[in-house]
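Knowing the structure of chain A, use the given hints to seat chains B, C, D and E on it.
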Amino acid sequence: MMTAATTPFRTMLVSCVAYEEGRKIADIPVADVSEYVHRPDCFVWVALFEPTQAELEEIAQEFDLHELAVEDASKGHQRPKIEEYGDSLFAVLHPVEIVKTEDGSDDFRIGEVDVFVGTNYVLTVRHRTQLGFAAVRARTEREPELLRHGAGFVLYALIDNVVDRYFPVLDLLETRLEAAEDELFASASSRGKIEELYAIKRHLMALKHVVSPLMEAVGKLYGGRVPHLCQGTQEYFRDVYDHLARINGTIESIRETLTTAIQVNLALIGISDNEVTKRFAAWGALITVPTLIAGIYGMNFKHMPELDWSIGYPLAIFSMIAIDVLLYLRFKRVKWI
Amino acid sequence: MMTAATTPFRTMLVSCVAYEEGRKIADIPVADVSEYVHRPDCFVWVALFEPTQAELEEIAQEFDLHELAVEDASKGHQRPKIEEYGDSLFAVLHPVEIVKTEDGSDDFRIGEVDVFVGTNYVLTVRHRTQLGFAAVRARTEREPELLRHGAGFVLYALIDNVVDRYFPVLDLLETRLEAAEDELFASASSRGKIEELYAIKRHLMALKHVVSPLMEAVGKLYGGRVPHLCQGTQEYFRDVYDHLARINGTIESIRETLTTAIQVNLALIGISDNEVTKRFAAWGALITVPTLIAGIYGMNFKHMPELDWSIGYPLAIFSMIAIDVLLYLRFKRVKWI
Amino acid sequence: MMTAATTPFRTMLVSCVAYEEGRKIADIPVADVSEYVHRPDCFVWVALFEPTQAELEEIAQEFDLHELAVEDASKGHQRPKIEEYGDSLFAVLHPVEIVKTEDGSDDFRIGEVDVFVGTNYVLTVRHRTQLGFAAVRARTEREPELLRHGAGFVLYALIDNVVDRYFPVLDLLETRLEAAEDELFASASSRGKIEELYAIKRHLMALKHVVSPLMEAVGKLYGGRVPHLCQGTQEYFRDVYDHLARINGTIESIRETLTTAIQVNLALIGISDNEVTKRFAAWGALITVPTLIAGIYGMNFKHMPELDWSIGYPLAIFSMIAIDVLLYLRFKRVKWI
Amino acid sequence: MMTAATTPFRTMLVSCVAYEEGRKIADIPVADVSEYVHRPDCFVWVALFEPTQAELEEIAQEFDLHELAVEDASKGHQRPKIEEYGDSLFAVLHPVEIVKTEDGSDDFRIGEVDVFVGTNYVLTVRHRTQLGFAAVRARTEREPELLRHGAGFVLYALIDNVVDRYFPVLDLLETRLEAAEDELFASASSRGKIEELYAIKRHLMALKHVVSPLMEAVGKLYGGRVPHLCQGTQEYFRDVYDHLARINGTIESIRETLTTAIQVNLALIGISDNEVTKRFAAWGALITVPTLIAGIYGMNFKHMPELDWSIGYPLAIFSMIAIDVLLYLRFKRVKWI
Amino acid sequence: MMTAATTPFRTMLVSCVAYEEGRKIADIPVADVSEYVHRPDCFVWVALFEPTQAELEEIAQEFDLHELAVEDASKGHQRPKIEEYGDSLFAVLHPVEIVKTEDGSDDFRIGEVDVFVGTNYVLTVRHRTQLGFAAVRARTEREPELLRHGAGFVLYALIDNVVDRYFPVLDLLETRLEAAEDELFASASSRGKIEELYAIKRHLMALKHVVSPLMEAVGKLYGGRVPHLCQGTQEYFRDVYDHLARINGTIESIRETLTTAIQVNLALIGISDNEVTKRFAAWGALITVPTLIAGIYGMNFKHMPELDWSIGYPLAIFSMIAIDVLLYLRFKRVKWI
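Residue numbers (this note's numbering), protein chains in the order written: chain A, 1 to 337; chain B, 1 to 337; chain C, 1 to 337; chain D, 1 to 337; chain E, 1 to 337.
So that you can see chain A by itself, here it is in the shape it has in the complex:
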């Protein structure tokens, strides 16, 4: 039996703790897990971060996990789901973090947490995310009575923790959409606006991809036949489901608004095109009409009395200006200029 000090899991092992009747009894080495797990009054909580396949398989043996679930967890890149393997559950969650890109704009980083839950253990395996579950563990240690709800409650707390972090992400998208809407009618259409609408859509769909399958999965943890582990905590899962349904509803709403915004943008571009053509035509008239007059008096006919008038030239200039003023006023009235 190895001691924690010599275990090779140093970097990937975040914590490995045994609880007894809700109280933490010890940080235990991974190799001892199987011992504690078989004591009915014990609860073992192990948290890993990006373990190698070998490391994961060693732990899997300690907990006696199902081959397929372990394969999913070692590969990562699963879609959110909650599966029953006998009496235990295997859940895949996708936490989402807002991160700043190099050019200062917001981007999302979608991580993955694989959770194995049995009657008296929880094993979490984090991939590609800094978001841990320290808060959940702290709460459990602070309020040991929560563990009396059983392992189902721990699963609930983990899912709830992940779902709660979707709200600021959604808020960010709503804020960006509102900003884009304010812009929409305020100024001329531009590539930038369309690019922003497109970017919001992309982020929204990434979020939807994360929320929808999880909602579907959580919906099977309350009402009707539910896994044994979740039987005492159905109301809690219904609550999480409700949060997911709310997020999903808002996603749908933003999605439809975006579609409309893109269509409306197209119409605004058409109107803008119209206006430019009209203004172009109006100014064109203001230039070409005097040019015609100048052309007329540039003709070389012998007999053109106006040419001999001493006020001929000023008169011509005046008539050009007068016609342009009249045209200008007319175009102004019909709003072509």
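These are computed hints drawn from the structure, not numbers from a lab.
Computed from a predicted structure; not experimentally measured.
Certain hints may be false.
Any copy, or any two copies together, can satisfy a pair, since identical chains are not distinguished.
[Unchecked claim] Dumping the calculated BS3-like pairs for lysine-lysine here, alpha-carbon to alpha-carbon at most 27 Å:
hint, residue 1, residue 2
1, K75, K208
2, K208, K220
3, K220, K81
Only chains B, C, D and E this time, still in chain A's reference frame:
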């Protein structure tokens, strides 16, 4: 036991009344609620307005409400839903008010009412809305026999009251859509029209967001397995459901009409663009053709017999006018001008 | 007991007839209804037209109708539905009439018929429609054996009558769509065409609004658990359902065709825009190129040998014409003109 | 009892044959049908083509068919369906034929076949189609053992025959779509292309209208509760269902491709518009810039040294050409020309 | 009994192997299959490649396969499905290969594999694909204990093998979409971009056509009633289902992104059109305004004092340049140039 006079709930407590066999027996202090609630012949009705978390929790203890429901109610911003917690129900309703914005246009204010219903109590918690349930309470006091239907009937009356207020909101949207449609074909396309279509769409979706989840929730209160509280009032809930289905159908219909209107608007903008280009081309011809003639007679060839004719100049001017008249008539005929 | 002669229901009462073993026995006064209804061998058929609330309530008492159904019937503006109240059924139907508007175009008038059906009575309440059920009643009196199927058969006959009247409405829409399609590719795009497509869409959706909920409701009257009243006539309701499904399928089909037609119209407008721009450009070249030549020979250089040639002027004019002819042929070949 | 020779069904009666233990025993007159149908070892097969209502009703009596089914069959214009009437089945099938229109393009003719199937009879009624079931009957006579599967097998064979004929129709639409796609990017957008896309869409929807309801109906003939007649042939109906599902999947796929093609076409038209405008602008510059130079040297200032230079004129002409060449190369480089 | 050496199945027979208790015992001739299949401890694995109908039928007799399944397999061109025939299963799978077209772009080749699975045999029939199942067979021979899961496990392994090959196909489409998105906002809209979006859409739909029906079919192999053969391997099929659901979700996501990209492209084309028109108008003004000035001083009035000024000509030229500079700066400021 505190008296009503010294309770700190003054501002948030709208009313707290006990009924016995359908008749109001007293305004009671909140701290007495638990006593009255345990008397089977009693019915307690409490209405709160934006309580603090502490205030809400105190009342929750009097009624022995479920932690999750209380958390939802204290946070607000839930989506419409109706949940069973054991024998009691927790409902979230979203009343909608039409309010005038500063620039005189109509806007909606979406509030929230959380309702806790047990065998012999109702607790309503209002957020962000001035719309109260005085009418419902008055009716109950006027027709005490309604309470014989049990607490389910009170829940029905509250929901019905909220749903009835959706109709004028929907009517407003329909009226605005009809006005927008009349405009659509009547005059030139403009940013204003598109902005109005977009605004109607936004309001419509806000309403849909409020109606759809409630419809889904109410649909579970009649037919099949229904919560114990609602068993004697299924026909009433079916009636509310039907109203919600009607609203929902109309929303869908407006939504599709809006989509079509936006598409049609795009086509009209295209046609308008076409017309402007044609008119531009026609007037351009009326100017450039005489300019060409003037240019010809502005050439400096030695041998241009027309230049020496005494009627050369008038003839040139006449031919310009004649050509323009012909062109004008032709353009008129093909409707380019 | 009032006699029929003195009843105040004169204007709203269309008929009130009692049948015995399929044969009409008497026109009876409304106040006698409750007597006849309680005779098991009797069947009472009452038809009302836009009764006042008071009138309706009086009759409701005779038949002992459910408060909620009566409220729906007195308010009108319900969506199509069929509801069970104990052993009786309450159906809302929307007959559609084609009416001519003042400017000669076709419009639809959507009425409402509320039907109360019990074991041995039928009560119809018409709103906003001239279409009565004389044909149904006549058939029932002509073939009394039909009544042996029970009240469910009468309900079927009424629904079938309403549904049969949807077909000419649908045919009218199909005819108008076909006319619009023929126009689509035949001539230039215009506001009128788009307006027609939009109008068809609006009418179509009004019809859909009437057909879909009814189809859904009728679908519950055969197969699985059906109301007691309809148990002997399931095959008839399936037949009506099938007609509604056919109408609904055609509506969906027209709807999709309309969407495509509007999109196609947009493309045609774009092509037309393209063509106008090309023609504009071609004619512009035919004018501006000679203008350039004229401009060149209008220059005042001392040494321009062509100016002194005696054939200089005709040559210039000829070259202008020659260039224009060449350009014209070229534009003709690429179909810009 | 009439003999076949004197029966008035001459034109509409295609065949009326009795089989015994799978072997054809006789062509029988219609009036004898009821006799043969009541012999349990007999199987009667009647095929009609567009009978009058009277003719149909006479046969209906021989077979004792349900009034509603007969009404449907005499009216025609039903949507595809399969209905149970007691122990017998009533099916409506829509065979589709490819026909050449006068201008050489392909069109579809959608017929209708109403099939009545009982334990030991099949009655087919064809409307508006030349496609008969000679092949099905021939196969049955050739392989009499097939009849041992019972009447359900005959129904299967008829449906399978109709469904098999949908494949060439679908192939034709796919071929036309592929040709339209090849065209899409190959040459300029034109009314013809759009018209073709629209025509394919229309045909596709007609086919969908025929396939979808039939698929839904056949789906009820295997798995779960199935009509008595089809119990031994469920695997055959599942096979037909699978063919219909495949057709339906392809229809959906073509439909979505068409929608995309129309949208893409719109984008291509926009790009084409762009290109025309650019080319127009470029050629405009090539004409107007020399015109400006000519205008400058057409000015009448006393002191314009260039005018007196002997190389002034050639220089001016040369500068015009040089500028145009430079402009041309520049426009060429940015692909405006 | 024929020996393997003289069998006519040479080209189409890929392998025909008998296993006993998980160990390979012999390559057997096809004609011996029926013998081995009837030994309960034996497992026969036959792989065919594009057999003729006659060859297929001969083998079908050895295995006693159902006529309809054999017909499907000999025809090919089925949609993906899994069907029960008594105790055996018939599955149609569509492997997808990425192949290079002649012009170097990627294309997909969609093959077909028909799989017949019984209690102790597997028969695979490949059409139009080079992708074999050597890997699956090798694994089975390497880990004979896998065969203890029964034939259901072999079916799982085959499906899993096919599904795993969809991921690189999907990745290729995602990569191409991302490249197309990067292009979208980077440079001007062009036919090439649209053609690429269209091509991705087409490939995507081909993949969807392959994935969706298979997902539906696999979904019936776990949970609820499952075929006898798959009862011990439900968790494996759930795992494959999950992979298919993930692929399907990504397909939906790409599909929606493509739709948005095409719409956005349309808007970008509109904006580009706008910009070209503006630039055209601006440069037009820079040319026509000096032309007007030149025209004015080209008039032939006797009394035009400027003409006699010695600085008249330079002044005119200067004013032309000055105006153009001012216009240029102004257009620059409003971004028309």
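Going down the list of hints, with the structure as the test:
1. K75 x K208: Both. Shortest intra-copy (22 Å) and inter-copy (24 Å) distances satisfy the 27 Å Cα cut-off.
2. K208 x K220: Classified as both; 19 Å inside a copy, 26 Å across copies.
3. K220 x K81: both (11 Å within a copy, 18 Å between copies)
No hint from the list above goes unmet by this structure.
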